[in-house]
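Student: Given next are the chains, with one letter for each unit.
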Amino acid sequence: NAGVMQNPRHLVRRRGQEARLRCSPMKGHSHVYWYRQLPEEGLKFMVYLQKENIIDESGMPKERFSAEFPKEGPSILRIQQVVRGDSAAYFCASSLENTQYFGPGTRLTVL
Amino acid sequence: AQSVTQLGSHVSVSEGALVLLRCNYSSSVPPYLFWYVQYPNQGLQLLLKYTSAATLVKGINGFEAEFKKSETSFHLTKPSAHMSDAAEYFCAVSDDRRGYIPTFGRGTSLIVHP
Chain A
1 NAGVMQNPRH LVRRRGQEAR LRCSPMKGHS HVYWYRQLPE EGLKFMVYLQ
51 KENIIDESGM PKERFSAEFP KEGPSILRIQ QVVRGDSAAY FCASSLENTQ
101 YFGPGTRLTV L
Chain B
1 AQSVTQLGSH VSVSEGALVL LRCNYSSSVP PYLFWYVQYP NQGLQLLLKY
51 TSAATLVKGI NGFEAEFKKS ETSFHLTKPS AHMSDAAEYF CAVSDDRRGY
101 IPTFGRGTSL IVHP
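Chains as they are written, first to last, in our numbering: chain A, 1 to 111; chain B, 1 to 114.
Hints listed in this document are in silico derivations from the structure and should not be mistaken for laboratory results.
Even glycine gets a Cβ: it sits at the ideal position worked out from N, Cα and C.
Careful: at least some of the hints might be erroneous.
Result set (DSS-like, lysine-lysine): computed pairs, CA atoms no more than 27 Å apart in a straight line [as the list claims (entries may be wrong)]:
| id | chain 1 | residue 1 | chain 2 | residue 2 |
| --- | --- | --- | --- | --- |
| 1 | B | Lys58 | A | Lys27 |
| 2 | B | Lys69 | A | Lys44 |
| 3 | B | Lys49 | A | Lys51 |
A partial selection of chain B residues facing chain A, derived with a Cβ cut-off under 10 Å [to be verified]:
| id | residue |
| --- | --- |
| 4 | Ser9 |
| 5 | Ser12 |
| 6 | Val13 |
| 7 | Glu15 |
| 8 | Arg22 |
| 9 | Leu44 |
| 10 | Ala92 |
What follows is a list of derived Cβ distance ranges for each label pair [what the hints assert, rightly or not]:
| id | chain 1 | residue 1 | chain 2 | residue 2 | range |
| --- | --- | --- | --- | --- | --- |
| 11 | B | Leu18 | A | Ala2 | 34 to 40 Å |
| 12 | A | Ser66 | B | Ala53 | 34 to 40 Å |
| 13 | B | Lys68 | A | Gln81 | 46 to 52 Å |
| 14 | B | Glu71 | A | Arg84 | 38 to 44 Å |
| 15 | A | Arg22 | B | Leu18 | 38 to 44 Å |
| 16 | A | Arg22 | B | Ser109 | 16 to 22 Å |
| 17 | B | Ile60 | A | Arg107 | 22 to 28 Å |
| 18 | A | Gly16 | B | His82 | 42 to 48 Å |
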């Protein structure tokens, strides 16, 4: 039973480029969550999605960031026009009921 | 609103010594409580969880935690530390009001000395 999968594991972008991070939830899980982790900090919630619906995006920056979880395929976190401050580890989690299971993360570096 | 406080950003123990990582929470409704472990450059792995059943919860790798409502605490313990326990540990609280979205503590780095 595969766990939560994320790709790429490492992503390097130059300022102004777009970053696309992918997350495939565990089999049977219909809830996906995205978090951002900065060095020496805990995880900050960004967005909670179910298939084709954004349920809670209270942690998403108002500009440049978007997320989707289509009917088919992985969830995508998209960051447009990246800036150096976007450099962080981005984690996806999926859940069934009340417990979240995390993927290995994507480490984004903006040059 | 929920919140989690992890006392001590770093805890250092000798191999074989007791591990105690502290977590206090606040929640206005019955909480779900979790401990996760994160090894360097990896994702978070669920150690154990409390979801209103037994107050003493046993997890993987010999860890356990006790839910104490009167103290609003959910401290993590292990009787004997192993070198492989060195990692970052996160306590989290959630409830059913926001789709079980957990609020995480800032983490405690466990250092194990030989």
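Student: Next, verify each hint and record whether it holds.
Tutor: A quick look at each hint next to the structure:
This hinted pair checks out: B/Lys58 and A/Lys27 have alpha carbons roughly 26 Å apart, not beyond 27 Å. The hinted pair formed by B/Lys69 and A/Lys44 meets the criterion: a straight-line CA distance of about 26 Å does not exceed 27 Å. For a cut-off of 27 Å, the pair hint linking B/Lys49 to A/Lys51 stands: about 26 Å separates their Cα positions. Here the hint on B/Ser9 is kept, as its CB sits about 8 Å from the closest CB of chain A, short of 10 Å.
A distance limit of 10 Å between C-beta atoms decides the matter here; for B/Ser12 the minimum to chain A is near 17 Å, and the interface restraint is violated. Annotation: interface hint on B/Val13 violated; nearest CB of chain A at approximately 21 Å, more than 10 Å. A hinted interface residue such as B/Glu15 counts as satisfied when its beta carbon comes closer than 10 Å to some beta carbon of chain A; here the least separation is about 25 Å, so the hint is violated. The beta carbon of B/Arg22 is not positioned within 10 Å of any beta carbon in chain A (closest approach about 15 Å), and the interface hint is therefore violated.
For B/Leu44, the suggested interface contact is upheld, since its CB lies about 4 Å from the closest CB of chain A, less than 10 Å. The closest approach between the C-beta of B/Ala92 and any C-beta of chain A is roughly 8 Å, which is under the 10 Å cut-off, so the hint is satisfied. Hint check: B/Leu18 to A/Ala2, Cβ distance near 36 Å, so the stated range 34 to 40 Å holds. In this structure the hint that A/Ser66 and B/Ala53 lie 34 to 40 Å apart at CB holds, the actual value being about 39 Å.
Distance hint for B/Lys68 and A/Gln81: a CB-CB separation of about 48 Å, consistent with the stated range 46 to 52 Å. For B/Glu71 and A/Arg84, the hinted distance range of 38 to 44 Å is satisfied, since their beta carbons lie about 43 Å from each other. One distance hint, 38 to 44 Å for the beta-carbon pair A/Arg22 and B/Leu18, holds here, with the actual separation near 42 Å. Hint check: A/Arg22 to B/Ser109, Cβ distance near 29 Å, so the stated range 16 to 22 Å is violated.
Judged by the Cβ atoms, the range 22 to 28 Å given for B/Ile60 and A/Arg107 holds: they are separated by roughly 25 Å. For A/Gly16 and B/His82, the Cβ-Cβ distance of about 46 Å falls inside the hinted range of 42 to 48 Å, so the restraint holds.
Checked against the numbered hints above, the structure violates hints 5, 6, 7, 8 and 16; every other hint is satisfied.
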